[in-house]
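All chains, please: the whole structure from these sequences, using the hints.
There are 2 protein chains.
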Amino acid sequence: MNMLGMFSFRVCAGLVGCRIGICVRSLRSCPGITVAQIDEEVAKLLELKAQLGGDDGKHQFVLKTAKGTRDYNPKQMAIREKVFNTIISCFKRHGAETIDTPVFELKETLTGKYGEDSKLIYDLKDQGGELLSLRYDLTVPFARYLAMNKITNIKRYHIAKVYRRDNPAMTRGRYREFYQCDFDIAGQYDPMIPDAECLKIVHEILSELDLGEFRIKVNDRRILDGMFAVCGVPADKFRTICSTVDKLDKMSWEDVKNEMVNEKGLSEEAADHIGEYVSLQGGMDLAERLLQDQKLSQSKEACAGLSDMKLLFSYLQIFQVTDKVVFDLSLARGLDYYTGIIYEAVLTQVGVVPAPVSTEAQNGAAEETVSVGSVAGGGRYDGLVGMFDPKSRKVPCVGVSIGIERVFSIMEQKAEASAEKVRTTEVQVMVASAQKNLLEERLKLTTELWNAGIKAEVMYKKNPKLLSQLQHCEDSGIPLVAILGEQELKDGVVKLRTVATREEVPKCPLRASTGQQ
Amino acid sequence: MNMLGMFSFRVCAGLVGCRIGICVRSLRSCPGITVAQIDEEVAKLLELKAQLGGDDGKHQFVLKTAKGTRDYNPKQMAIREKVFNTIISCFKRHGAETIDTPVFELKETLTGKYGEDSKLIYDLKDQGGELLSLRYDLTVPFARYLAMNKITNIKRYHIAKVYRRDNPAMTRGRYREFYQCDFDIAGQYDPMIPDAECLKIVHEILSELDLGEFRIKVNDRRILDGMFAVCGVPADKFRTICSTVDKLDKMSWEDVKNEMVNEKGLSEEAADHIGEYVSLQGGMDLAERLLQDQKLSQSKEACAGLSDMKLLFSYLQIFQVTDKVVFDLSLARGLDYYTGIIYEAVLTQVGVVPAPVSTEAQNGAAEETVSVGSVAGGGRYDGLVGMFDPKSRKVPCVGVSIGIERVFSIMEQKAEASAEKVRTTEVQVMVASAQKNLLEERLKLTTELWNAGIKAEVMYKKNPKLLSQLQHCEDSGIPLVAILGEQELKDGVVKLRTVATREEVPKCPLRASTGQQ
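Residue numbers (this note's numbering), protein chains in the order written: chain A, 1 to 517; chain B, 1 to 517.
FYI, nobody ran anything at the bench for these hints, they're computed from the structure. Treat the hints with care, as some may be off.
In this list, chains with the same sequence are indistinguishable; a pair is considered to hold if it fits within one copy or across any two.
Cut-off 20 Å, straight-line C-alpha distance, at most; resulting in silico cross-link-like pairs (PhoX-like, lysine-lysine) [unchecked claim]:
| id | residue 1 | residue 2 |
| --- | --- | --- |
| 1 | K414 | K75 |
| 2 | K324 | K444 |
| 3 | K444 | K461 |
| 4 | K444 | K462 |
| 5 | K310 | K444 |
| 6 | K324 | K92 |
| 7 | K300 | K310 |
| 8 | K107 | K125 |
| 9 | K67 | K125 |
Right, dumping it as structure tokens:
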């Protein structure tokens, strides 16, 4: 065996076992490797993978959508359309324009914006050309758009799908491909007025969608940072401790404290101090009280945040939404880019939605109802646009994102449970016949209806049975049938039948143009 | 040096030079390598690449969207919304439901559906887990959806973005990310009725969008195949010769013939025979004539296609669309999956759209107007759903796709050239004040308006100038201003001003609830 042969053999052995691990690790200390060379190696390995897949012989084709994604059937689309219309009406009522951005961005546009969550970004394959990633949210593309077009003020909404390689939990409305409905206000304005409008919008949308009781928690990154400072958290641990505080809605204080002390190395004393603050909830009164707090008032940042919080509540009173808004010091939110006010809306009515009777629901009690959770969130991010601007010019922004998938889940369950049928088309009239050989006449009348702007259907059969034509109307909720027969054609009329009541008007004049446009 | 050390060294050397190539190649003969192990190796190499990329130092950040993609600004979105509304209204008038599918599919779902165009598919990076690709059209995902849900008849539309790694020509509306608006009818019906409805829909949409003169070419894959057979094209060359014929709208007959003979090895005689047929255009009369054609009538397939073409034209007459439809034997269409009737709509009015006066337009005469081309296309594909069904059950389908990006380009140019301003918001009234310290009162009135469902805006400033408030109304086309002052507040009224005419109603009662809901 010559050296080359032995070498090959050994790499094979490495792949089968674990020795190749050592090999790749050792590359790190190997100077002179270029990205292009790595690309080449990766391409070869992936080609090999493709061959293995292809040569496997009996390859079972799997008929499914990608993990964490779903199709929307017509019924789901009808519900989705209704929800979107409610949300878009609200955004338009508040004077928003809309924009759209591509589904993928240059990879570097997304780099360094999401902290620990960056690992969840979908990258596109390097097929030559640019390195691309699917958008992770709509906020970073929005900031990129503002910087690229040098826009310094705009009020815009954007409804589109975003992508996260997260662990899907589809029964609870958590997907890898999901919609976000964002509303943002960019521009230099007097403090807290746009911030208050964002909360007004959340209030309007959640009320109109009629999802049951909800609460909107607000806090401020400056209050959090000030609190961390006065509690003795080292400055370089602010963000990581903030991430831990963010888990308070899912974990007990004991577990959160444990993570702070044992995983993140915070002193027990500092953790206990934080624990006192994060248990506080209130309204404008709490902001006033904390401004007097001996410790917290030592932080200039906290004071600025608390003063703004007072101002915010004064506007919220004018907007008539204080019934649902709570100043909650435990609200932290994970994303890195927030700089001021932050908020999150949660549904508080547990189990109002009856569970559909399915084996799945019966097997797992935890899946019985859509779990209550965050349905909207947002905050102020004054630094993000500057990260894209070559001269680092800042454009202050505040916005909110409606977590629409959970809303869909709830609405779908409601529709399931309701006796009312969801219509998936808007057809007003079906052109039918009881007799044979009238296809041409049916098509003629349908053409007249279409040309007059009336939503009409006709069966694509030469001689369909009247019963099957009527059945189709029942199934899809078409309210009217226009029935043609030899006699009607002779008289130049049509028999019009109301499907629900079976009432008939025997001699309607055959003029579609008198119908609604 | 022990064996392990030597091994590591050699792999490094391989990466730097070319020896690893031998290594990877030799893996193919190595039994027992699993896909999971390759995944692991690839992940390690890519991690290494990321590290190398991170150390590159002076990296220049580029502020742009990915090649071949674009943002839509609010004005473009307003145009887009208008176009979509026209199209959706038409689809709904014809009784269509809508569905949605994920933006990516399992790679294997797309494999083998697009012939030569498969190289244009965007793949996602292999980040562990499934191999995914961005959808290339909406037809294949639709067929996958039907097979997966065992749906045997549906009439659905789907409007969504698709992705092709093509050479972009953005001034002519050719992008790598672009919208398709698809309408398809699946189900076993009497021949040519749904096919004719698809053409009726194209006719309605192109008429309503008011893009100028257009023509809809129709042909049939069976007529093409029959023609190829009687002209002496070997059966295995049908598809590739078909691709060449498809170029007749861009190339002269001489060039097409040259490609057939010199590149694809067809005899000159066969090519000339084809040349005679593909120059033919007509209506039902041409179909009748060709049914008598000595040569063509020898092909059963061609006869079936020609009989159906006659039937199609009889329905098109009833639908009142024969003014625009031409039976054109040169129409071929590139995609593999068509099995029957095919069609394509083209705009025929050259240069009707005035060119915007820009340096770009002045420099390049070729760019002066949006180039005329295909704006819709489709056909019958009876075999595609069966490709996904485990038992190969067929579901006959026919559909049409509106090439909306070209329509956008034309509409945008029209809007540019028109004096009329495109509004990007729907705001009805601006709440303003000429005096200082009335922020609270402005916000109160705005809240009343919002609560009454009126689209209203207010400036986010404590003391904005009246002029800048009025200027904002002019800029964004807000028709009304409600002006508050001390006197008005005392009297419980508001001054209402029509922006365009400057007419004022001095004492409107301060009751928003009397406004429109």
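Exercise for the section: Hint by hint, work out which the structure violates, then give me just those numbers in ascending order. Expected result: Violated: hint 6 alone.
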